[in-house]
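> As you go down the protein sequences, you meet chains Y and D in turn.
With my numbering, you'll find the first sequence wraps up at 401, consecutive numbering, no jumps.
With my numbering, you'll find the second sequence wraps up at 370, consecutive numbering, no jumps.
Please note: incorrect hints may appear among the correct ones.
[Unchecked claim] Just some of the chain D residues that point at chain Y, by a computed CB distance under 8 Å:
1) 90
2) 103
3) 140
4) 141
5) 144
6) 173
7) 176
8) 199
9) 271
10) 285
[Claimed, not checked] From chain Y, some residues computed to sit far from chain D (all C-beta separations above 10 Å):
11) 23
12) 46
13) 136
14) 204
15) 312
16) 332
17) 353
18) 365
19) 368
20) 384
21) 388
22) 392
23) 401
In short, the hints are calculated from the structure, not lab data.
Even for Gly, the Cβ is constructed at its ideal location relative to N, Cα and C.
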Amino acid sequence: MTISASQESTADQASEVQRKFGISVEDYMLPARRQIQMVAPDGALKPDAEQGTEPGHEYPIPGDAELIAAYERLVVGRRVNDQNSALVRQGRMAVYPSSHGQEACQVAAAMCLSEGDWLFPTYRDAVAVMAKGVDPVQAMTIFRGDWHGGYDPQEHKVGIQCTPLTTQLLHAVGVAHAAKLRGEDTVVMAMCGDGATSEGDFHEALNFAAVFHLPVIFFVQNNKYAISVPLSHQSVAPSLAHKAVGYGMAGERVDGNDLVALLAVLDRAVKLAREGSGPLLVEANTYRMQAHTNADDDTRYRDNAEVSEWKAKDPLSRMDTYLRSRGLLDDDGAARIADHAEAVATQLREGLGEDVPVEPQNLFRYVFSSPTPQLQEQSALLADELAREEAGKAAQKEAGK
Amino acid sequence: MSPTITTSSEANGNVSAATARAAASAAAAAEARGPQSVTMAKALNTAMADAMRDDASVLVFGEDVGRLGGVFRITDGLMDAFGEQRCFDTPLAESGIVGMAVGMAMNGMRPVIEMQFDAFAYPAFEQIVSHVAKMHNRTRGALKLPMVIRVPYAGGIGGVEHHCDSSESYYAHTAGLKVYTPATVADGYRMLREAIDSDDPVMFMEPKKLYWSKDQVDLEALAAEHAAHRAAGSSSEGRAAVARSGTDATLIAYGPSVPTALAAAAAAAEEGRSLEVIDVRTIVPFDDETVAASVRKTGRAVVIAEAHGFASVASEIVARVQERCFHQLAAPIRRVTGFDVPYPAPKLEHYYLPSVDRILDAVDDLQWEN
Numbered sequence: 001m002t003i004s005a006s007q008e009s010t011a012d013q014a015s016e017v018q019r020k021f022g023i024s025v026e027d028y029m030l031p032a033r034r035q036i037q038m039v040a041p042d043g044a045l046k047p048d049a050e051q052g053t054e055p056g057h058e059y060p061i062p063g064d065a066e067l068i069a070a071y072e073r074l075v076v077g078r079r080v081n082d083q084n085s086a087l088v089r090q091g092r093m094a095v096y097p098s099s100h101g102q103e104a105c106q107v108a109a110a111m112c113l114s115e116g117d118w119l120f121p122t123y124r125d126a127v128a129v130m131a132k133g134v135d136p137v138q139a140m141t142i143f144r145g146d147w148h149g150g151y152d153p154q155e156h157k158v159g160i161q162c163t164p165l166t167t168q169l170l171h172a173v174g175v176a177h178a179a180k181l182r183g184e185d186t187v188v189m190a191m192c193g194d195g196a197t198s199e200g201d202f203h204e205a206l207n208f209a210a211v212f213h214l215p216v217i218f219f220v221q222n223n224k225y226a227i228s229v230p231l232s233h234q235s236v237a238p239s240l241a242h243k244a245v246g247y248g249m250a251g252e253r254v255d256g257n258d259l260v261a262l263l264a265v266l267d268r269a270v271k272l273a274r275e276g277s278g279p280l281l282v283e284a285n286t287y288r289m290q291a292h293t294n295a296d297d298d299t300r301y302r303d304n305a306e307v308s309e310w311k312a313k314d315p316l317s318r319m320d321t322y323l324r325s326r327g328l329l330d331d332d333g334a335a336r337i338a339d340h341a342e343a344v345a346t347q348l349r350e351g352l353g354e355d356v357p358v359e360p361q362n363l364f365r366y367v368f369s370s371p372t373p374q375l376q377e378q379s380a381l382l383a384d385e386l387a388r389e390e391a392g393k394a395a396q397k398e399a400g401k
Numbered sequence: 001m002s003p004t005i006t007t008s009s010e011a012n013g014n015v016s017a018a019t020a021r022a023a024a025s026a027a028a029a030a031e032a033r034g035p036q037s038v039t040m041a042k043a044l045n046t047a048m049a050d051a052m053r054d055d056a057s058v059l060v061f062g063e064d065v066g067r068l069g070g071v072f073r074i075t076d077g078l079m080d081a082f083g084e085q086r087c088f089d090t091p092l093a094e095s096g097i098v099g100m101a102v103g104m105a106m107n108g109m110r111p112v113i114e115m116q117f118d119a120f121a122y123p124a125f126e127q128i129v130s131h132v133a134k135m136h137n138r139t140r141g142a143l144k145l146p147m148v149i150r151v152p153y154a155g156g157i158g159g160v161e162h163h164c165d166s167s168e169s170y171y172a173h174t175a176g177l178k179v180y181t182p183a184t185v186a187d188g189y190r191m192l193r194e195a196i197d198s199d200d201p202v203m204f205m206e207p208k209k210l211y212w213s214k215d216q217v218d219l220e221a222l223a224a225e226h227a228a229h230r231a232a233g234s235s236s237e238g239r240a241a242v243a244r245s246g247t248d249a250t251l252i253a254y255g256p257s258v259p260t261a262l263a264a265a266a267a268a269a270e271e272g273r274s275l276e277v278i279d280v281r282t283i284v285p286f287d288d289e290t291v292a293a294s295v296r297k298t299g300r301a302v303v304i305a306e307a308h309g310f311a312s313v314a315s316e317i318v319a320r321v322q323e324r325c326f327h328q329l330a331a332p333i334r335r336v337t338g339f340d341v342p343y344p345a346p347k348l349e350h351y352y353l354p355s356v357d358r359i360l361d362a363v364d365d366l367q368w369e370n
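With these hints in hand, go ahead and build the complete structure from the sequences.
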């Protein structure tokens with residue numbers, strides 16, 4: 001066998017799909033005709049026939065334990081988003097691109113993964129980073145204006161939250177490729193937004209993943225805006241999920257505010273990828289409820305009416321209603337979860353309120369594995385400046401006595 | 001199921017039993033034959049093959065590097081020798097090649113990737129500047145990226161447009177990248193092995209006009225030298241070489257300009273002028289010590305590079321020498337560089353490239369007393 005299964009004939013792929021799903025390879029790769037939605041915005045479970053599933057695009061409802069655990073992370077995620085926005089207003093964080101309204105996507109993206117799997121997040125995916133197990137204060141390091149990414153990517157199998165759009169998708173491809181060459185069954189979750197699908201690296205990452213037949217889930221949170229620019233200016237494709245077929249991978253659309261559907265779709269995507277089906281593209285239909293960041297004014301480019309319309313589709317109230325209707329959540333349970341969320345908020349307030357001591361020599365310490373002679377010279381120059389500054393202060397103090 | 005390869009995420013990967021056997025049989029097959037006539041292309045090719053044999057995490061990929069062996073044949077035979085999992089062709093997308101290599105390096109591999117031509121590397125610039133160069137810093141050393149980006153660069157081969165750029169300044173200007181450029185056949189082997197060993201990312205700039213230059217070189221002796229250095233934890237990184245000793249003035253050059261500088265020094269010798277030639281070897285890190293020592297001795301210097309002179313590596317060298325050697329200088333330091341025009345391939349390139357005559361003219365201008 002060659003390195004890339006796709007270099008096997010497409011006929012092999014077609015017969016594999018036919019055998020496994022009973023549908024043609026085109027029907028497998030094209031998204032189902034409608035998005036997958038299991039719980040309606042009012043919290044009612046939709047009848048099977050109306051969930052958007054089709055032959056070969058079938059999604060069982062996730063188990064109760066998974067749903068409850070996910071709901072807890074959802075509530076924590078909302079509290080984290082709102083706490084961080086408050087900390088920005090108070091000047092205790094530099095910036096925070098909030099995923100308010102997108103928390104279901106955040107939680108599902110992390111929860112569908114197993115321990116050894118990797119997650120490659122963007123700057124709006126801090127809640128997903130936390131849901132993968134990173135300490136909340138560590139996850140917010142870059143937003144407090146620190147010079148480094150906080151957590152150790154190797155320890156948590158989470159890339160540093162990435163600002164240059166879609167560049168991290170290629171890193172996801174590389175991590176998956178290395179794992180595949182070693183015969184490991186690692187799955188990699190690669191996250192981006194709708195605007196990012198216009199970037200060249202989006203195309204290159206999807207194509208590389210497909211050609212090398214790698215276990216990568218490309219998870220696009222279509223929140224309708226790239227700062228101010230609406231989706232209609234990014235793409236006129238039938239949907240972003242339809243782009244998958246152009247690369248020879250399967251695509252699916254899912255209601256991005258329906259945590260049940262998200263878990264169902266992503267769990268299956270991870271399972272398929274781990275079994276060796278190659279990469280998949282999942283588009284979550286969601287909405288960025290708040291401005292891009294605190295520096296943005298969203299009233300300049302969208303109507304309140306549109307925002308209100310999406311408020312009615314909120315992922316939290318929907319999940320709350322659904323779980324209560326199933327008898328999986330009661331007031332005591334909700335209170336316990338609220339306490340947990342409040343504890344995380346307190347942790348953030350305290351952790352981000354602390355003054356982190358600044359170590360100027362860290363400027364030079366990590367540029368290379370060991371500093372070059374040139375960096376050593378510059379480090380000495382700065383040390384000398386600082387020593388003279390200290391000496392000056394001491395002399396002033398002495399004179400002041 | 002295809003065989004999988006075993007790797008170690010250790011900085012210097014373990015040698016698996018299979019690769020150890022392969023190395024042993026290769027060593028047995030190759031008798032010590034002493035110096036042979038070897039091209040730089042062969043030296044680079046052997047360096048990659050030896051590194052792949054020693055460490056199963058070393059992978060070679062890029063455009064046309066597999067079946068074809070690269071458009072310059074530098075990866076010739078690697079796919080046959082090591083299989084399609086270790087040496088392979090990618091889709092035609094440079095950002096994809098570099099970005100995927102970043103992820104592989106994050107996950108235990110040591111990718112050696114080829115950009116095919118200098119000007120074809122520009123689509124990968126964002127990956128190189130924003131990730132390759134910064135990953136170690138932004139993770140406080142938690143993630144090392146032991147990867148080599150091979151860039152066939154510079155002109156003098158009659159190439160058409162977009163095939164002859166001297167792009168080293170872009171990379172040298174970016175904090176977090178090491179920039180190597182060999183000028184001799186032996187350094188082709190030595191420096192590529194060291195680049196592959198490096199835990200930091202290396203931009204490996206290969207002067208394409210020197211690919212077919214030949215020298216008497218003992219590749220097995222170089223492999224043994226490399227093994228000994230590696231065992232001792234030493235490297236020639238950051239060390240310039242005195243390519244020719246002299247007393248009257250110093251010519252400072254790197255990569256494709258070193259042979260031109262040597263030719264100029266040979267011509268000057270016939271006229272009774274003794275020129276020292278310094279081969280910079282690694283632009284980053286730069287060997288201030290060797291360069292400054294030479295200029296302090298001679299008191300005069302000319303810096304030679306093919307790249308445009310404005311805001312260039314040559315300009316940086318002039319500044320560094322001036323800062324260190326001002327009181328020993330008998331004349332302002334001169335530069336002989338490419339003009340500040342797009343690379344004029346191929347009919348006008350001989351007007352553009354630093355030539356022996358232009359170097360000798362610059363030397364003549366160094367305020368000689370008689």
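> All hints, please: hold or fail.
Now the hints, each set against the structure:
1. 90: Hint on residue 90/D: holds, closest Cβ of chain Y at ~7 Å, below 8 Å.
2. 103: For residue 103/D, the interface hint holds, since the closest Cβ of chain Y sits about 2 Å away, which is under 8 Å.
3. 140: holds (5 Å)
4. 141: Given a least distance of 5 Å, the restraint on residue 141/D holds.
5. 144: holds (6 Å)
6. 173: violated (13 Å)
7. 176: Hint on residue 176/D: holds, closest Cβ of chain Y at ~5 Å, below 8 Å.
8. 199: holds (5 Å)
9. 271: violated (36 Å)
10. 285: holds (4 Å)
11. 23: holds (26 Å)
12. 46: holds (38 Å)
13. 136: holds (19 Å)
14. 204: violated (4 Å)
15. 312: holds (39 Å)
16. 332: The assertion about residue 332/Y holds, with a minimum of 41 Å to chain D.
17. 353: Per Cβ check, residue 353/Y is outside 10 Å of chain D; nearest 22 Å; holds.
18. 365: violated (8 Å)
19. 368: The assertion about residue 368/Y is violated, with a minimum of 5 Å to chain D.
20. 384: holds (17 Å)
21. 388: For residue 388/Y, whose nearest Cβ neighbour in chain D is about 21 Å away, the distance exceeds 10 Å, so it holds.
22. 392: Nearest chain D Cβ is 26 Å from residue 392/Y, so the label holds.
23. 401: Fine: 41 Å to the nearest Cβ keeps residue 401/Y off the interface.
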